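A.B. asks: Here is what each chain is made of, one letter per residue.
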Amino acid sequence: MNGFRLVLDIARTHLLSKFKQTMVAALGVTFGIGTFIIMMGFMTGLNQLLDGLVLNRTPHIQLFNKSEPTALQPLTRYQSNPRIQQFIHSVKPKAQLERIHNALPILTELRNNKQVEGATPQTTCKVFYRAGSNNLNGVLNGIEVGGEVQLFNFTDYIVEGDVNSLYRNKNTVLLGAGVAKRLSLAVGDRLQVMSTNGATYSLLIGGIFQSGLAEVDDVQSYVSLKMAQQILGVGSNYITRIHVKLHNMDKATPMSQMIEKVYPIRALDIKTANAQFDTGSDIRTLISYAVSITLLIVAGFGIYNILNMFIYEKMNDIAILKATGFTGRDVMYIFIIQALIIGLVGGALGLAIGYGGAVLIDNIPFVTEALPTVKTYPINYDPLYYITGILFALVATFLAGYLPARKAQRIDPVEIIRGQ
Amino acid sequence: MHSILETKHINKYFLDPVKFHVLKNISIQLRNGEFVSIMGKSGCGKSTLLYILSTMDTDYDGELYIDGEKMSNLSRMDLARIRNEKIGFVFQFHYLLPEFTVLKNVMLPALKLGKASESTIKAKALEKLDMLGVVEQAHKKASQISGGQKQRVSIARALINDPKIIMGDEPTGNLDSKNSDNVFNILRRLSHEQDMSLLVVTHDVDFAKRTDRIIEMGDGVVL
Numbered sequence: 477m478n479g480f481r482l483v484l485d486i487a488r489t490h491l492l493s494k495f496k497q498t499m500v501a502a503l504g505v506t507f508g509i510g511t512f513i514i515m516m517g518f519m520t521g522l523n524q525l526l527d528g529l530v531l532n533r534t535p536h537i538q539l540f541n542k543s544e545p546t547a548l549q550p551l552t553r554y555q556s557n558p559r560i561q562q563f564i565h566s567v568k569p570k571a572q573l574e575r576i577h578n579a580l581p582i583l584t585e586l587r588n589n590k591q592v593e594g595a596t597p598q599t600t601c602k603v604f605y606r607a608g609s610n611n612l613n614g615v616l617n618g619i620e621v622g623g624e625v626q627l628f629n630f631t632d633y634i635v636e637g638d639v640n641s642l643y644r645n646k647n648t649v650l651l652g653a654g655v656a657k658r659l660s661l662a663v664g665d666r667l668q669v670m671s672t673n674g675a676t677y678s679l680l681i682g683g684i685f686q687s688g689l690a691e692v693d694d695v696q697s698y699v700s701l702k703m704a705q706q707i708l709g710v711g712s713n714y715i716t717r718i719h720v721k722l723h724n725m726d727k728a729t730p731m732s733q734m735i736e737k738v739y740p741i742r743a744l745d746i747k748t749a750n751a752q753f754d755t756g757s758d759i760r761t762l763i764s765y766a767v768s769i770t771l772l773i774v775a776g777f778g779i780y781n782i783l784n785m786f787i788y789e790k791m792n793d794i795a796i797l798k799a800t801g802f803t804g805r806d807v808m809y810i811f812i813i814q815a816l817i818i819g820l821v822g823g824a825l826g827l828a829i830g831y832g833g834a835v836l837i838d839n840i841p842f843v844t845e846a847l848p849t850v851k852t853y854p855i856n857y858d859p860l861y862y863i864t865g866i867l868f869a870l871v872a873t874f875l876a877g878y879l880p881a882r883k884a885q886r887i888d889p890v891e892i893i894r895g896q
Numbered sequence: 016m017h018s019i020l021e022t023k024h025i026n027k028y029f030l031d032p033v034k035f036h037v038l039k040n041i042s043i044q045l046r047n048g049e050f051v052s053i054m055g056k057s058g059c060g061k062s063t064l065l066y067i068l069s070t071m072d073t074d075y076d077g078e079l080y081i082d083g084e085k086m087s088n089l090s091r092m093d094l095a096r097i098r099n100e101k102i103g104f105v106f107q108f109h110y111l112l113p114e115f116t117v118l119k120n121v122m123l124p125a126l127k128l129g130k131a132s133e134s135t136i137k138a139k140a141l142e143k144l145d146m147l148g149v150v151e152q153a154h155k156k157a158s159q160i161s162g163g164q165k166q167r168v169s170i171a172r173a174l175i176n177d178p179k180i181i182m183g184d185e186p187t188g189n190l191d192s193k194n195s196d197n198v199f200n201i202l203r204r205l206s207h208e209q210d211m212s213l214l215v216v217t218h219d220v221d222f223a224k225r226t227d228r229i230i231e232m233g234d235g236v237v238l
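Protein sequences appear in the order of chains Y and R. Residue numbering for the first sequence follows the numbering used here, starting at 477 and increasing by one per position. Residue numbering for the second sequence follows the numbering used here, starting at 16 and increasing by one per position.
The following block holds chain R by itself, in its conformation from the complex:
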């Protein structure tokens, strides 16, 4: 099966305050439509790995392929385009732009991509918000909604450009169990129905157990 994401021998060092080998020779693969979680103790490098996989961190050795395309030597402009087009993000602290409305937050990546008209994008954003059950919050400022709602809005934003892969850094990290369940079900459904690949870093064992595969990490290596 075609692999959506692949790494070959990724190494990463932190230089400050002392030289520290964070990621040691990481080679992993993610197939199309697979729902994978990365687990490990804190400080084992799982978030660092996720940021490298997401192309937001360019300071590493080794090779990274997304959708068959090599990322390691692309310019920042190209990386930004790929993030825009192929990757959706869900962060732990939901990271919405507080000054914009919920709807605008969801629309921005699509407006940046510029492939559809503004009205089409708006309709699509509303549809995604509806799917995640937060459509009635659409015209509120992002700073005015609750944490669980923010998390769902950020999932809607991750989906707006129909990415190939969604990456999450503790997407349920600061949610209660009910909201956490809710978010998991949404992600699960996306993986099943839309054949989307998902890669999620988590501490939550229950959450991880329900995914297709768990990548266990410890001290910078895949166990």
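Okay, chain Y solo, but in the shape it has when bound:
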């Protein structure tokens, strides 16, 4: 029998003969790791949900024309002497077309850019929803359904009906939930809309759309790009907005600055559009890191405590083993092996319990107006937390076993015997 097998055999006998105690020690690890996994899964799940609430549906960069007063007034150009103070009252913005100039080439150019994941065109037209003698203000967004679904999770906000109905029939509309309620319309009904130039169109309701923001749902509806252009009576190159999604969201600000430099267009990046949200998101991330580190530290001390007692109880055995010829290193290995086995068993159980707890939370109903597709509490099943969990269990038990084991390695057996 070689040395290592003997050491392993002794470690195993120790663990099995005090099975209850071994299980208590392992459960200490299990509890720490399980809690860590449940908490991390739940917290980051909620974070992702909140992030997704804004980030998934917000384009990283929005391109549009905006009517603004000219920054450099002709008078300033003419008389640039700083000693003369000029006053211009009642400055009016320059008349701007709503359509983006050269929209289709810009779109092609953006799609060819390596940083861009995708870009979708939109054409917005103001209409009236007709209901008997009432005319309700409304906005129709003409969209390319495929791109919206793929890039901006458009499907998540369709509470009834089918997104693809926009493909099947040009006259289909996805109606805002607020509008549908006010007009008491349902999927399959017809909706009369009147364009600003007086023409009336009859659209088939293919689905109900709910973003969770009341001011949007009460006004907006979606039709296909072609339909919007037809209602406006314009050609297929008439596009009022371009939404861009990048591979890396952090590049949004420089990219939007670059676009504004190259094209005569306004580019709004997500950081500017959602500045306060970004701060909130950062703080939530910080909190979840703080909580996870705290959880691991607490678990680590628990593990250390239990293993320390476990080993000190065996001091007598250490003295006997050493007296009969086992070296300090043998003794140290015996206890480190025990610690690692406890860590492995406890950690694996912790993963199972953590996963079970996460699944349980994942099945608790969670209904919210804002998120029509979310039915239960969100959980993040990122394997990274499971890997961190088991690695931590092993490292913590190793250290918790190593420190007392090293002491056991160094101690003269007589010091233990004399202490009896």
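Honestly, the hints are just simulated from the structure, not real lab data. Note that the coordinates shown come from a computational prediction; the quantities given were computed from them, not determined experimentally. Even glycine gets a Cβ: it sits at the ideal position worked out from N, Cα and C. Don't take each hint at face value.
Some residues of chain Y that are not near chain R, with every Cβ distance over 10 angstroms (derived) [what the hints assert, rightly or not]:
hint, residue
1, Leu583
2, Ala690
3, Asn792
4, Asp888
Here are the simulated DSS-like pairs of lysine-lysine, each with C-alpha atoms no more than 25 angstroms apart in a straight line [claimed, not checked]:
hint, chain 1, residue 1, chain 2, residue 2
5, R, Lys156, Y, Lys494
6, R, Lys155, Y, Lys494
7, Y, Lys542, Y, Lys727
Put chain R on the given structure of chain Y with help from the hints.
C.D. replies: Below, chain R alone, put in the same frame as chain Y:
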């Protein structure tokens, strides 16, 4: 005659709670096959001396030779090997590993030495247990047998590697007179038949009188 154990001017101090000179200039010798007892009042340092002789205590001044080899400057690894190979121990409180079976307790030092196969070691351990009359307890847990039986098992464990010397710290200290007699006879027989050296610390005058030689100690010196 060749000496199995020899000390030269061993001094030992306890530092806690105050500096105390426990062993003063101890020089003794033990010949091959000799059965020697160390006697003295409690606190005279006889157990302390035994632990130094057994290499389990390395904190002393002076020189210690076992089987002609100098111990005083060896590493703990080497000392562990020597304890394993050349020294057998019998403690006062029998010190078996409670979680292991009697048989396993006896086998462990030999498994550690690793010179024979597991089955050979097992056969040998059973033979030793048989010799000491406790073979029928072999498969019980060490915590389940009586005090006298434990003492005999620990003698069997001390013998498993055929050591050059057996050291005992009050091996009959907490046994009744019948068991005590029994243990003495076993030790006596080993010394005669197997030419083993024995060094036993004891309070028991009757026990000591029957050994080959008595080393009397008092206040840290050999009288």
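A.B. asks: With reference to the structure, classify each hint as holding or not holding.
C.D. replies: Hints, one by one, checked against the model:
1. Leu583: holds, 76 angstroms
2. Ala690: holds, 70 angstroms
3. Asn792: violated, 7 angstroms
4. Asp888: violated, 6 angstroms
5. Lys156/R / Lys494/Y: holds, 13 angstroms
6. Lys155/R / Lys494/Y: holds, 16 angstroms
7. Lys542/Y / Lys727/Y: Since the Cα atoms of Lys542/Y and Lys727/Y sit roughly 23 angstroms apart, the hinted pair holds (cutoff 25 angstroms).
The structure does not agree with the numbered hints 3 and 4 stated previously, though it agrees with the rest.
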